[in-house]
Amino acid sequence: MAKLHAVEKTGPQPPGTLPEGDKGWDWDEHGAPGSVPEDHYIQTTFIHRSNTESDKAYANNIRNIIKDIQERLKKEARVTIDNENIECKTGEENHRCADYPSQRAYHFLVVEDSSKGAAVYSLDKKYNEKEIGSIEMALLDAFSRHSPNPLTIFASKIAEPHVGFVRELSAKEIAAMARTSSPEQISKHSSLELQLIEPTLIELRHGEGLDTIAHKLIEFQNQKQFDEALKTHQHVFVLFWSNVFSLSLHQFNLWARTSNVFSEKNVLLAHVRCHENINFCDGLKTADFNTIVAYRDGVNTGTTQHLSNIKYYQQWIRLMINSPFVELKTEGDLKSAKKGVLPDIEDEFSAVTIGIFPESTGTAFRHFEIAAEKLKGRYAVALFVKPGAEPSVASYRPKEKKKRLDYEGRYDPASLISFISNSQLPSVIDIVNGFTTDALFRQNRIVICLLSVGSTDSTEFEKLAARDELRKNYIFTKISKTDLLAVDDVLDRLFLDKRDVSTVILFDKDRVFFLQLHKETSDDILAWAQQSHQKEPELELSPKDVHPLRLLQVGQVNDLFGKQNTVLLPDHTLFKDLPPAHPQINFQSGGTGGCPFMAGGGAAHDEL
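The sequence shown maps to residues 3 to 610 in my numbering.
Calculated directly from the structure, the hints in this document are not laboratory data.
Here a beta-carbon is modelled for each residue, glycine too, at the ideal position from N, C-alpha and C.
No false leads were mixed into what you were given.
Straight-line Cα separation of at most 20 angstroms, DMTMM-like style, residue types lysine to aspartate or glutamate; simulated pairs: (1) LYS331 to GLU371; (2) LYS337 to ASP349; (3) LYS128 to GLU55; (4) LYS401 to GLU348; (5) LYS226 to GLU278; (6) LYS401 to GLU195.
FRET-style restraints, in silico, Cβ to Cβ: (7) ASP459 to ASP284: 58 to 64 angstroms; (8) GLU333 to LYS174: 49 to 55 angstroms; (9) ASP490 to ASP284: 44 to 50 angstroms; (10) ALA173 to LYS91: 25 to 31 angstroms; (11) ASN87 to LEU571: 56 to 62 angstroms; (12) ASP459 to GLU333: 33 to 39 angstroms; (13) GLN566 to GLU278: 25 to 31 angstroms; (14) LYS465 to GLU175: 48 to 54 angstroms.
Using the sequences and the accompanying hints, generate a full structural model.
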């Protein structure tokens, strides 16, 4: 509860309304040192749900008074209040409304405080609605709790005689208000990230000759060159690397090869040799030396630390350039996007999520935009504005059995992110040219792999993999070629002698089963898989040995960098069920550091 206290007005006074052109520092040149308040910044959100006309009138009064207080405190107290107004309405809600009651009316003031954390204050209508002055005093009381000086002394003449009522909610109250809902399941890897190079395999290799490759990268040797490039090019992608670290050296080799095949107007691909420009790279950590940073108009927009094939880098660059989504301008663009082809992007994507909205405004569109922004560079997302159309979102997968998946949930960012990340995953992952380790191992799902021989019809296997209800228990993969050396090595480790017949291989951790395919249907394959846990395995793998499928990863590395005689070490964690690493959805932008690649700002390592 805010109370007015009598203030004896003697000595230097707080500044009043300043004359035009007067910055205020000389309001009392004879005043004692420190009598002028220092500049202070408060960030707030007024969030409310108004069920009745009376609720709406009260909320409108609060908004107007906050606006009046903002102007007065900025002039008289050097306090800047940055406020956002959010009205929670059924059917059209801001994503922050999910933290508060979904039915009953409320009027809350949220104050962000870096030292104490966010505080939520209740501006109870029944205590404050009778007098406008009470609302003002309640707000000033709340603001004062996050200011170095009391602010109630800056009340208007109308508010001075009144008392305002404001109450800070406890953490327990806030937790109890949040709506109970199951957490959104978000895929850890996008369809672009299913063939990432395993870092531990790179660390076992020498990097001789990798940094002598011819390339078209621009080299920055100092801050001046770097700053100039950011000013003159709309898009700059730069790798800060060092030949001291094996991962960094291999990343440079891949980045250099990318520069030889990628060409786009007003896009600059660059690098910095941190082992030669130590001062320029001061502040970077070991992990930063295999990080490629994207800048747009001088602002840091995102990064990637992944090592993969050249196609991955090309697609990542083009998605970053067109982030948060590619705008489809014609019906022809829309038709092509449904086939995986986006305008101004040469690559064909295995899946594209398209949002259709009547206009580029409104809550539904804004939340789609937020979701696309959080997933930029990792998923192909497009926008088509069609006047008069109902908002709709769907993922198109031209090579899948189910070519279209429609979004049917609420238009909140978390649900949209979950839909996009899961609907773009292929039903069957081709692992013949390598695979991302955590996409197959260290989780509780059974891996079922189709070893496809010759022109064998894989329709029944693909039909089984397309069943959504099975994705919770199984990961479906395939080895599409059998004439590769790495595939022979895998089959040798599995003691699979008969290689002229397509075979389904089931990996249940260290237990392996085989099913030769003749005329089996999808139901036959499923019945066999479900009965496997009741049977003795046909092969039992040892955690002390190298997992056979890892030989495909070795083959991928050898194909990219040349064969080396490296000792592949066993990894017992591949057989364990580690806690699921569900990506966290963070809707707050990251801060910036002092090192060069963070100079543009933004959330450089903002993973989902």
